Amino acid sequence: MTGSPPPDPLLQPPDGGEAARILAGPGVAAFDPSLPETARALLHRAAAAEARCHDLMEAIDRGVVIQSADGSLLHANGAALRMFDPSHGDRFPRDGDLTSDWALLRADGTAMPRSEFPALRALREQRPVGSTLVGLYHRARRRLRWLTVTAVPHFAPDGDHPDQVLSIFSDVTELKRDSALFDRVQSLASIGGWEWDRASGHLHLTDEAARILAQARRPVSMDALLACLQPGDGRRLRTALDAAGGGTGFELDLQGARGDGGAFWVRVIGGSGIGEARDARITGTLQDITAAKRGEQSQRVRARSDPLTGLLNRDAMLAHLDECLAPPRRRQVAVLYIDLDRFKLVNDVLGHAAGDSLLAAAAGRLCAAVGDEGLIARFGGDEFLVACDCGDDAGRPERLADAILEAFAVGFGFDRDEFAVTASIGIARAPQDGAETRLLIQHADAAMDESKRRTRNGRLAYTPALEQSQSDRLQFETQLRHAADNGEFTLVYQPQVDLATGRTVGAEALIRWRNQRLGEMRPDHFIAQAEGTGDIVRIGDWVLGEACRQAAAWRDAGLGVVRMAVNVSYRQLLASDLTAAVRRLLHAFDLPGEALELEFTERVLIEDAPETLRNFETLRGLGVSLAIDDFGEGYSALNYLRRLPIQGLKLSQMFVDGVPGNPSDVAVCRAVAGIAHSLGLGLVAEGIETEAHRRFLLELGVRVGQGFLFAPGLAPADFAHRLRGAGQGNR
Numbered sequence: 001m002t003g004s005p006p007p008d009p010l011l012q013p014p015d016g017g018e019a020a021r022i023l024a025g026p027g028v029a030a031f032d033p034s035l036p037e038t039a040r041a042l043l044h045r046a047a048a049a050e051a052r053c054h055d056l057m058e059a060i061d062r063g064v065v066i067q068s069a070d071g072s073l074l075h076a077n078g079a080a081l082r083m084f085d086p087s088h089g090d091r092f093p094r095d096g097d098l099t100s101d102w103a104l105l106r107a108d109g110t111a112m113p114r115s116e117f118p119a120l121r122a123l124r125e126q127r128p129v130g131s132t133l134v135g136l137y138h139r140a141r142r143r144l145r146w147l148t149v150t151a152v153p154h155f156a157p158d159g160d161h162p163d164q165v166l167s168i169f170s171d172v173t174e175l176k177r178d179s180a181l182f183d184r185v186q187s188l189a190s191i192g193g194w195e196w197d198r199a200s201g202h203l204h205l206t207d208e209a210a211r212i213l214a215q216a217r218r219p220v221s222m223d224a225l226l227a228c229l230q231p232g233d234g235r236r237l238r239t240a241l242d243a244a245g246g247g248t249g250f251e252l253d254l255q256g257a258r259g260d261g262g263a264f265w266v267r268v269i270g271g272s273g274i275g276e277a278r279d280a281r282i283t284g285t286l287q288d289i290t291a292a293k294r295g296e297q298s299q300r301v302r303a304r305s306d307p308l309t310g311l312l313n314r315d316a317m318l319a320h321l322d323e324c325l326a327p328p329r330r331r332q333v334a335v336l337y338i339d340l341d342r343f344k345l346v347n348d349v350l351g352h353a354a355g356d357s358l359l360a361a362a363a364g365r366l367c368a369a370v371g372d373e374g375l376i377a378r379f380g381g382d383e384f385l386v387a388c389d390c391g392d393d394a395g396r397p398e399r400l401a402d403a404i405l406e407a408f409a410v411g412f413g414f415d416r417d418e419f420a421v422t423a424s425i426g427i428a429r430a431p432q433d434g435a436e437t438r439l440l441i442q443h444a445d446a447a448m449d450e451s452k453r454r455t456r457n458g459r460l461a462y463t464p465a466l467e468q469s470q471s472d473r474l475q476f477e478t479q480l481r482h483a484a485d486n487g488e489f490t491l492v493y494q495p496q497v498d499l500a501t502g503r504t505v506g507a508e509a510l511i512r513w514r515n516q517r518l519g520e521m522r523p524d525h526f527i528a529q530a531e532g533t534g535d536i537v538r539i540g541d542w543v544l545g546e547a548c549r550q551a552a553a554w555r556d557a558g559l560g561v562v563r564m565a566v567n568v569s570y571r572q573l574l575a576s577d578l579t580a581a582v583r584r585l586l587h588a589f590d591l592p593g594e595a596l597e598l599e600f601t602e603r604v605l606i607e608d609a610p611e612t613l614r615n616f617e618t619l620r621g622l623g624v625s626l627a628i629d630d631f632g633e634g635y636s637a638l639n640y641l642r643r644l645p646i647q648g649l650k651l652s653q654m655f656v657d658g659v660p661g662n663p664s665d666v667a668v669c670r671a672v673a674g675i676a677h678s679l680g681l682g683l684v685a686e687g688i689e690t691e692a693h694r695r696f697l698l699e700l701g702v703r704v705g706q707g708f709l710f711a712p713g714l715a716p717a718d719f720a721h722r723l724r725g726a727g728q729g730n731r
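Going by the UniProt record's numbering, the sequence shown opens with residue 1, and the numbers climb by one from there.
In case anyone wonders, no lab produced these hints; they're calculated from the structure. One or more of the hints may lead you astray.
Claimed, not checked - Simulated restraints, written as ranges between beta carbons of each label pair:
| no. | residue 1 | residue 2 | range |
| --- | --- | --- | --- |
| 1 | Gln647 | Pro523 | 18 to 28 Å |
| 2 | Pro645 | Ala394 | 51 to 61 Å |
| 3 | Ala291 | Leu56 | 19 to 29 Å |
| 4 | Arg114 | Gly159 | 17 to 27 Å |
Predicted model only: the values in this text are computed from it and were never measured. We put the beta carbon where it would ideally sit given N, CA and C, even for glycine.
Given these sequences and hints, build the entire structure.
Structure representation (structure tokens):
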């Protein structure tokens, strides 16, 4: 037959006789008939009190244990017994020591030495030990129970040392488990709890809340917590705390600094309770939102930044200017509109990767030049904007513009080559040049366009007269776009002559434009404009076709085949199928390829694209001559020159004009002539206007030239008359 083990006599409650013996002391019979009635009454009341005490200890849900000074067990109530499991033979040891099956644990789970057990501490320290969390772990059954233990020492009458100790136990296993889960959830969610006692000012933080704040000393007052925050955020929290009451609450995102100086963001939620004492305490949560805030900040930075240069982007600059110009502030600001001269050349010739590299390098130079005196944005493509205050320094915009121009005075390196990329800058001031963002930028842009048109590599401040200039330029562009369709272009032909004999050996086709509204337009003006708008491609195609038609007409008139030199824009080479057009024209007019010479600027020398080389080889296969115009003015990339199938060079008028008196021009002319001779290339000199020019060039070995010394550009009939008069022509 099975059943519960017999009760331990030491764990049974004392009966009335035991109580009487304790009260009467040694050698006194509790119910001696010889005792007076009064004594018996006292003993009876004592026994009744003892019974009530026993009933009370058995009724409470806390375990109560009494031990002697040597640790022996004197008494344990039923709740204490139930904290063990009698069905498995768990018993309070008689000597107060746990068996080896049990382990004592601290609140953090580490082993608790026996000396730290509250009952022994109370005996040793001769004072009560407050509620202490103790874990009891049964190793064999792997069962863990958590208790809170309060121990109070008992002193015998006239005793100097405790003779007993009373321990009160509460089973908090479930509460401890829930608390651990709650702490784990708090840690995973980065949410901590807090409670503030208004009266005492004490602040209680959960472990996770303290971890989030990460202060050198754990804040124990609201003032200490406020000191962790940015001053403005601290004031916001204080205001919210003062206003919290009557069940109202608050939610704030606040920024502060940790003990190591690192920044944090927290979302603090708080509110008062309910009932009469609702305003006594404010409780809430504290969530770490640092990562989320940093993510938002990074997103805002990305939304405001240009990814290539790291500068502000267009939208960010527009927002900044809108804020500056918004009433009632209306700050005095200036806008510098910056466009990179010749950027498109680098981008077209070396490719987009080189263009991006140039933009990034240009941004670095702008930052170095402007410093903290202005805000810089990439406004689009190769255009940048600088906004600066000028209320306290009227000359700041011009000073910054000059610093930028100086920063771009040094070329940009790409592998072994260096390119001069300068800047054109337009300046507009608010409010005189525009009181709202769109107009201010528009006027700065107009000033930049005019600066680029005039000189490049310069700055120009906006004036109202520029509006008329811009209007005129738009009208000019419109007229230019329709000039070919309206039959407004004509070609004149400048003879190319043998410098020794004066014999005409070829002609260069030169375009002229006369517009009914605008009159006669200078070629350098409208050609540069057409390059900028892209109209040069259509114009170039017209020139090539008209020159071939005229060469065929002279041939048909019996003047022979005159070699025709035609300038081809680099844009034309890139944007159209030039080889197909040349083949078609030669076939249409029944001209040999030798009748045509195409002249390119030095831009083609730095184009290392296989397509350019293939185009040139195809043209050479048709018999067409290829020459580099104005050699020496631009890049003079000799390593590229020898790669392309070039037959000739043209010596620029820029250098011819200074010979023989200018030593520098003489040196350049000698160098170009030497290059042509070394590479076996033909050489034609332009801009020969004096006999001294002709003699110098002849002595230099230059055989062919053109210029006003021989003839300007001639109308087709005048050129034909020149050929007939001299009896010249390749028949």
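We went through each hint and held it up to the structure:
no., hint, result
1, Gln647 to Pro523: 18 to 28 Å, "25 Å, holds"
2, Pro645 to Ala394: 51 to 61 Å, "58 Å, holds"
3, Ala291 to Leu56: 19 to 29 Å, "55 Å, violated"
4, Arg114 to Gly159: 17 to 27 Å, "24 Å, holds"
Consistency note: the structure conflicts with earlier hint 3 alone.
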